[in-house]
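K.L.:
Take a look at the letters that make up each chain.
There are 2 protein chains.
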Amino acid sequence: MPEAKTDALCINTLRFLAVDAVENAHSGHPGAPLGMAPMAYVLWDRHLRHSPQDPTWPNRDRFVLSAGHASMLLYGLLHLTGYDLPLEQIQRFRQLGSMTAGHPEYGLVPGIETTTGPLGQGFANAVGMAIAERWLAQHYNRPGHEIIDHRTYAIVSDGDMEEGVTSEAASLAGTLKLGKLIYLYDDNNISIEGDTSIAFTEDVGKRFDAYGWQVIGPIDGFDLEAVDKAIREAQADTDRPSLIMAKTVIGYGSPKAGTGAVPGEPLGEEAVKLTKQELGWPYEEPFTLPDDALGHFRQAVDRGREQQQQWKILLDTYREAHPAEAKQLDMDLSGDLPAGWDSVLKGLFDGAEKPVSTRDAGNTVMNAIAITVHVLTGGSADLAPSNKTLLTTHGDFGFEDEIDHNMHFGIREHAMGSIANGMAAHGGPIPYTATFLIFSDYMRPPIRLAALMGLRVVFIFTHDSIGVGEDGPTHQPIEQLAALRAVPNLAVIRPADATETAEAWKAALERRDGPTVLALSRQNLPVLDRNALASADGVQRGGYVVWEASPQAEVILIGTGSELHIALDAGKLLQESGISARVVSLPSWELFEAQSAEYRNQVLPPGVTARVSVEAGVTMGWERYVGALGTAVGLSGFGASGKGPDVYKHFGLTPDRVAEEAKRVLHRK
Amino acid sequence: MPEAKTDALCINTLRFLAVDAVENAHSGHPGAPLGMAPMAYVLWDRHLRHSPQDPTWPNRDRFVLSAGHASMLLYGLLHLTGYDLPLEQIQRFRQLGSMTAGHPEYGLVPGIETTTGPLGQGFANAVGMAIAERWLAQHYNRPGHEIIDHRTYAIVSDGDMEEGVTSEAASLAGTLKLGKLIYLYDDNNISIEGDTSIAFTEDVGKRFDAYGWQVIGPIDGFDLEAVDKAIREAQADTDRPSLIMAKTVIGYGSPKAGTGAVPGEPLGEEAVKLTKQELGWPYEEPFTLPDDALGHFRQAVDRGREQQQQWKILLDTYREAHPAEAKQLDMDLSGDLPAGWDSVLKGLFDGAEKPVSTRDAGNTVMNAIAITVHVLTGGSADLAPSNKTLLTTHGDFGFEDEIDHNMHFGIREHAMGSIANGMAAHGGPIPYTATFLIFSDYMRPPIRLAALMGLRVVFIFTHDSIGVGEDGPTHQPIEQLAALRAVPNLAVIRPADATETAEAWKAALERRDGPTVLALSRQNLPVLDRNALASADGVQRGGYVVWEASPQAEVILIGTGSELHIALDAGKLLQESGISARVVSLPSWELFEAQSAEYRNQVLPPGVTARVSVEAGVTMGWERYVGALGTAVGLSGFGASGKGPDVYKHFGLTPDRVAEEAKRVLHRK
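So the sequences go chain by chain: A and B.
Each residue of the first sequence is one higher than the last, beginning at 1 in this note's numbering.
Each residue of the second sequence is one higher than the last, beginning at 1 in this note's numbering.
These aren't lab readings, by the way, just hints derived from the structure by calculation.
There could be a bad hint or two in this list.
Copies of the same chain look alike in the list, so a pair counts if it works inside one copy or between any two.
As the list claims (entries may be wrong) - Think about it this way: if two alpha-carbon atoms lie no more than 25 angstroms apart in a straight line, the pair counts; the simulated BS3-like pairs of lysine-lysine are:
no. : residue 1 : residue 2
1   : Lys354    : Lys649
2   : Lys506    : Lys327
3   : Lys247    : Lys312
Between the sequences and the hints, there should be enough to build the whole structure, so can you do that?
P.N.:
If you want it as structure tokens, here you go:
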């Protein structure tokens with residue numbers, strides 16, 4: 001079969017596999033695959049270096065379908081090129097329990113590099129992947145041994161281009177000169193409300209030029225040679241990320257092609273028939289995969305095996321020449337932490353006498369960890385001096401010569417989160433991010449996706465309460481802890497002092513199957529004397545008894561973070577009044593809930609119903625721990641601008657108040 | 001005094017008022033006012049049309065200090081030009097209980113148009129203000145009667161420019177050709193981590209050119225005539241928003257001028273002395289306001305009174321020529337709703353027999369409301385056909401001839417929220433926004449600020465549960481309701497059927513002191529027969545008894561939204577088993593909590609401790625209503641892709657399960 005004919009057949013195969021699957025599911029987006037199939041085909045057939053039989057090959061090119069609603073395009077590519085995604089699963093597209101969810105889900109199908117659907121996320125994830133690639137390359141490549149050397153490709157849509165997170169990530173990618181990043185922009189001028197001109201008339205090419213990208217096109221996205229040439233041009237510019245502007249038609253070939261009526265619904269039986277006629281697809285039978293097409297697509301298996309084999313030879317040579325580096329690379333890619341890595345945390349704050357904020361303690365801890373865990377890499381959204389997240393023994397991650405650990409995300413919290421997710425999904429560095437807790441609101445979408453994907457990302461949030469003080473209500477988190485605790489599979493840890501901070505970091509790094517939030521104080525806090533109190537390693541269990549006046553406590557006081565000290569002081573006040581209190585530190589609800597009921601009942605004996613919690617935030621959810629007869633001391637409205645201690649007093653977050661409440665609930669009982 | 005000398009004195013007065021206040025507070029940002037003072041002075045002295053003695057003058061120019069950390073610049077301008085902000089309050093800058101919070105707070109000082117601080121928000125708010133201005137002008141201006149005609153100015157910083165929300169808002173402003181929008185960009189190349197080149201090397205001017213803005217400069221931000229000329233150029237282009245790129249030096253005149261060491265800390269006594277020397281300010285005594293400067297600034301009072309007087313004359317002529325329009329304009333600006341406006345909602349769904357989704361019901365309700373409340377104006381982030389938020393009797397809000405009600409925000413959820421806030425702060429239209437509930441995560445910062453400012457914005461979120469179905473976990477909200485309920489002063493209402501949807505809209509519009517979230521279903525739901533069940537007006541109280549098997553209920557089932565139907569079915573199942581249940585609809589926790597304890601105890605009698613709640617989301621917080629002996633049926637992890645009913649069944653959200661749980665808790669009791 002002549003080459004051009006094979007190409008056309010393969011593209012139709014991809015298109016109608018998507019159309020048939022959407023039709024069969026009575027749900028999904030047929031329009032995007034009809035428009036994107038040619039460019040996706042050229043990329044996957046002629047350029048993408050991947051190994052369908054080993055989707056974990058570390059040096060594979062990464063491919064991100066940022067337009068996740070076009071999921072069937074990706075499922076089609078994966079099935080046709082020989083990934084472990086059976087046709088039966090595609091026939092069960094969007095059905096409960098199938099591998100083929102409505103949007104591509106990381107971990108559900110081998111070859112899906114990241115979960116996409118929420119627009120803009122894939123765009124920014126891919127930036128993170130390119131960063132991880134450069135990080136690994138810089139650390140491990142040696143002259144003659146380009147052991148890490150791959151590109152990151154993405155297909156992005158108008159919707160991605162409109163989202164702010166895309167602008168943030170694109171600007172940073174330009175600053176970092178990520179030359180191996182190549183995006184195909186499916187520029188079809190249609191979104192759900194109709195023609196994009198009603199809301200989106202900007203000159204996208206000029207905008208990306210302004211970010212420092214190479215902008216190629218506009219080209220005809222259906223002209224295979226033009227797409228091919230554009231990709232080659234993109235590859236040739238190693239100094240700038242590239243955006244290929246490919247004009248396409250949404251729902252190409254279908255009766256409603258090029259209209260807003262296409263995006264989100266199956267075509268319908270009659271329209272499917274007409275589309276098949278229009279595009280010269282003779283198979284009425286759904287899910288027909290012509291042998292010639294399948295045969296051609298499946299060449300990817302051998303091609304990929306061959307590419308990977310060559311790489312293995314390269315790696316073997318490297319392993320001989322640089323055995324220590326090769327061993328370290330293996331470990332980095334495995335995600336394992338070195339044995340005994342946490343020895344650096346032992347006794348880190350022994351004998352500490354001066355109060356220290358948990359953000360400062362966090363800095364001490366991070367820098368200790370960096371000695372044994374060199375993959376720890378990240379930065380702040382322009383608040384490093386406040387977040388205290390600089391790794392002092394490391395330089396900056398930047399462009400040209402500066403490829404080290406400290407990243408500068410700029411004032412771009414949303415992209416920071418999404419980029420960290422991309423880094424974690426790529427593998428190699430273990431990413432951390434940092435900003436004020438209040439600005440966790442700017443990055444909830446990537447926090448959620450990290451939790452959904454089960455990625456190990458450490459989200460550091462300092463200035464975690466009204467203790468922020470003078471900056472006032474706009475900068476004082478009130479509902480943020482509650483809102484983060486609501487996210488499934490996200491561990492939120494709010495350590496009470498330096499010693500708990502070390503334990504919190506330990507828990508975060510050892511948590512491989514999901515992200516962790518560390519909520520750290522701006523203000524100084526006493527370092528608890530662990531000789532007099534229980535060991536801070538109780539943090540690993542989420543909550544523990546830190547002190548009690550006697551084993552027969554009448555009342556339980558529960559605190560987190562800076563408010564644990566209020567609870568402890570209240571406990572002593574009660575003791576002076578002849579009331580026996582137990583003080584529980586509960587830095588992480590999620591870690592605590594993961595414990596056995598037996599342990600939880602030891603810490604919070606069901607028989608002791610007089611309980612008071614204290615936390616500088618909304619009390620929502622605390623009912624779980626204080627019960628119907630207890631009370632939660634917290635805030636019911638926004639904060640106030642003033643000196644931190646004044647603000648605490650103003651809102652009644654004091655030992656006196658907590659002791660009073662304890663007496664009240666005891667009385668009530 | 002020669003003019004140039006007066007200008008210089010006034011600028012120094014502004015600068016050192018800020019420096020002294022920060023120093024006095026031992027907290028704040030002196031660097032930004034030192035750099036921004038000249039441009040702010042030129043704008044306020046020569047261009048801004050405002051009336052310090054009447055900050056509510058509807059046709060005043062709006063001024064937004066998007067760089068809210070420079071709050072002292074704004075407080076200085078307000079005090080010096082004669083607003084009701086006494087010097088004593090500036091001397092109590094950032095202290096508890098003062099008017100001068102760390103960041104400018106809407107409502108705390110007359111003349112503050114919006115709360116700023118979280119970067120990017122002010123930028124987007126101002127876009128909303130310019131939209132509101134155009135909306136009012138288009139509705140009310142008549143030939144010869146340009147009754148609404150003002151500009152919106154903002155000072156924005158590097159930090160604003162890096163935030164994604166700014167990109168979104170700027171792109172939309174360009175599309176809408178908001179020619180009366182004029183931004184001064186304080187381009188000082190410094191952010192907290194140091195020189196912006198480490199993270200922000202893009203060509204901002206080119207980027208804004210790509211958005212369709214007029215880009216002026218770069219100019220020297222300290223050259224008063226250059227600033228003046230640039231503002232005139234900006235005013236002259238009425239077709240495009242304008243960005244004036246003004247090069248300045250952060251912390252100008254201070255020893256650390258132009259470095260990252262300046263942004264967030266007082267200068268210190270010694271540096272203050274040196275800065276005063278450097279800039280030729282002879283007053284060591286803090287808070288010195290030279291008479292010449294104060295006298296010059298205070299001319300703003302008479303100038304503003306005169307401008308307002310002229311406008312009043314214009315308005316009087318208009319009132320004579322167009323009395324009906326003038327009366328309507330008064331009402332629009334007052335924020336009052338027409339008497340009896342809600343009569344259109346009476347019986348809207350009487351006799352409805354076919355199930356209808358609450359998003360569809362919402363459309364019916366909105367279109368009914370639009371008959372009496374013509375200020376209802378808004379749109380969706382490109383999901384109007386799915387959100388069902390089009391006002392069918394109205395056209396589009398766009399540029400040129402199309403100035404009507406239906407806005408097209410594009411796929412820009414974050415800017416949509418911030419723009420709506422700006423519209424509400426401006427006054428006139430009552431804004432609503434719409435997207436899927438899952439994407440509330442993209443717009444939490446403006447939702448929070450609407451709540452903090454007490455703005456009437458209606459945030460519509462459809463596709464409010466796993467009932468979304470096939471789109472899968474990325475599109476199924478799980479923790480979003482909980483996360484929204486955590487926000488202080490935000491009313492979250494999740495109506496159970498069409499009749500509750502009408503009541504929810506009524507509550508939202510009548511709530512003048514804060515925003516409301518409406519969570520609406522994608523899937524069809526039975527319209528409850530209010531002859532057999534309690535009236536839906538119980539929604540106004542947040543929660544009510546919708547049905548009970550007998551007045552002596554043994555168990556209480558509580559549901560919200562689509563799950564109320566599950567609770568009702570479970571109630572019937574229990575009745576068949578001889579168990580007497582009460583079913584409570586609890587569409588809004590916030591409205592319910594605002595009721596008297598007496599009412600709440602009527603609905604949820606403390607004596608009935610066997611309680612089951614059912615809601616398709618995380619159960620966090622439900623402990624408050626089900627108590628220690630009850631149980632909450634919900635979700636503990638992310639959703640799944642599949643047909644809606646299959647997904648409900650999969651997660652055990654069924655009448656059978658709820659009935660079972662009820663029996664279990666009864667037993668437990």
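K.L.:
Look at each hint and say if it fits the structure.
P.N.:
To see whether the hints hold, each was checked on the structure:
Only within a single protomer do Lys354 and Lys649 lie at most 25 angstroms apart by alpha-carbon distance; the minimum there is 23 angstroms, versus 56 angstroms between protomers. Proximity of Lys506 to Lys327 under the C-alpha cut-off of 25 angstroms is restricted to the intra-copy arrangement: shortest distance 23 angstroms within a copy versus 66 angstroms between copies. Taking the shortest alpha-carbon separations for Lys247 and Lys312, neither the intra-copy value of 39 angstroms nor the inter-copy value of 53 angstroms comes in at or below 25 angstroms.
The structure does not agree with numbered hint 3 stated previously, though it agrees with all others.
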